[in-house]
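Build the full structure now, drawing on both the sequences and the hints.
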Amino acid sequence: MIASAILMGVFALIGIDALTVLGYVAIPNIIFLSIATTMKSVQLSGGWNSISQYIPASPTTLGYAFSIVVGTWIFSASTCIADIMRYAKNTREAVLSAGCGLVGGNSLLIICGAITSIAMGDSDLTKVLLDMGLVIPSIILMSTNIWTTNAANVYSTSLNLANALNKGKKGILAVVLIVSALLTLTKPYNIGIFFVFLNTLGNIVPPLPGIIFADYYVLKHRYYDTSKLGYDDWNYIAWLSWVVSVLLVFVVKVGFPPVNGILFGFFTYLLLSVLLKRKHTYIQSR
Amino acid sequence: MTDAKKIRQGRLFAVIGIFIMAVGSFMACLSNTGSGINTGNILLILSLALTTYGFTYWRP
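Each protein sequence line maps, in turn, to chains H and X.
Sequential numbering from 1 applies to the first sequence in the working numbering.
Sequential numbering from 287 applies to the second sequence in the working numbering.
Derived by calculation from the structure, the hints in this document are not laboratory data.
Every residue gets a Cβ at the ideal spot worked out from N, C-alpha and C, and that includes glycine.
One or more of the hints may lead you astray.
Stated by the list, open to error - With a straight-line Cα cutoff of 20 Å, these simulated SDA-like cross-link-like pairs (lysine to any residue) come out:
id	chain 1	residue 1	chain 2	residue 2
1	X	Lys292	H	Asp17
2	X	Lys291	H	Val21
3	H	Lys89	X	Arg345
4	H	Lys187	H	Asp124
5	X	Lys292	H	Val21
6	X	Lys292	H	Thr20
7	X	Lys292	H	Ala18
8	H	Lys127	X	Leu316
9	H	Lys127	X	Ile323
10	H	Lys127	H	Gln43
Claimed, not checked - Covered stretches of chain X, as calculated for chain H (at least 3 residues, CB under 8 Å):
id	segment
11	295–307
12	313–321
The following block contains the structure:
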């Protein structure tokens with residue numbers, strides 16, 4: 001697993017060209033194999049009736065399901081969309097491709113995985129595919145699926161950390177790869193641990209866009225003076241708002257946690273900015 | 287080989303590769319015979335090579 005983490009990181013090291021070729025090769029592959037394995041699993045389970053009449057052994061709440069789905073979006077590199085879309089020709093193409101990929105493509109693959117798991121009675125997709133005798137398709141599907149996600153995540157993480165810390169991208173990438181390789185020892189292939197990870201992501205990440213919305217749309221009135229941006233004056237109010245928002249998400253059990261997170265982040269940041277009145281969170285009066 | 291020729295060749299390889307990928311995927315997963323499954327697997331692996339080469343030179 002450590003070797004595969006490093007191998008996937010090589011694509012991030014090469015850059016956007018390698019990620020582009022990887023995407024063009026992997027995505028049609030993933031789509032065809034996902035649809036084909038879904039059809040096979042339905043065939044083996046005796047038809048669509050068994051799928052439509054499925055009743056889970058231990059149902060979860062809608063809020064938990066919401067967090068898991070948002071967690072899969074965060075995990076599958078939606079947070080690094082901007083790093084890829086900066087290469088788009090114009091805003092329209094950026095929005096269209098991001099929307100098609102996240103809403104259309106991601107949803108299709110999740111639905112295919114869900115149907116296969118329901119049909120075969122096991123949520124571990126790799127095990128299900130191997131049990132169906134689909135060894136080569138399983139290896140190709142899982143490898144391309146994880147490869148595209150990991151390469152994009154490593155690329156985006158190293159790019160953002162390099163900018164935030166004002167360091168060289170290659171050095172940061174090496175550190176990110178080492179940390180990623182060590183994290184593979186926590187057994188991420190264990191489906192139970194993976195769901196805990198997704199749920200955690202779905203709870204702790206959503207406050208961040210809420211904070212950004214508040215800062216950009218309310219406090220800065222959609223204008224950032226890039227000549228004054230620097231890395232020696234971190235906005236501690238944003239960090240504090242994030243911590244408070246995450247705590248609120250875990251405490252408040254009403255509604256959907258990811259939506260609550262965005263709202264808590266938005267209002268907490270505004271409230272703390274007004275109360276603490278830091279110079280770099282001034283509110284322009286009109 | 288000129289750049290334009292490489293791009294044309296890349297496009298041809300990519301398109302043929304995608305087609306073979308589709309055929310191979312459904313053969314490998316849905317075939318009921320061993321020979322059909324093996325043929326599908328071979329086509330899948332072949333398609334990966336073709337599309338990798340094709341998209342290296344051509345971008346849609």
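task = Identify every previously stated hint that the structure contradicts and give their numbers, smallest first.
result = Nothing - there is no hint that the structure violates, so all of them hold.
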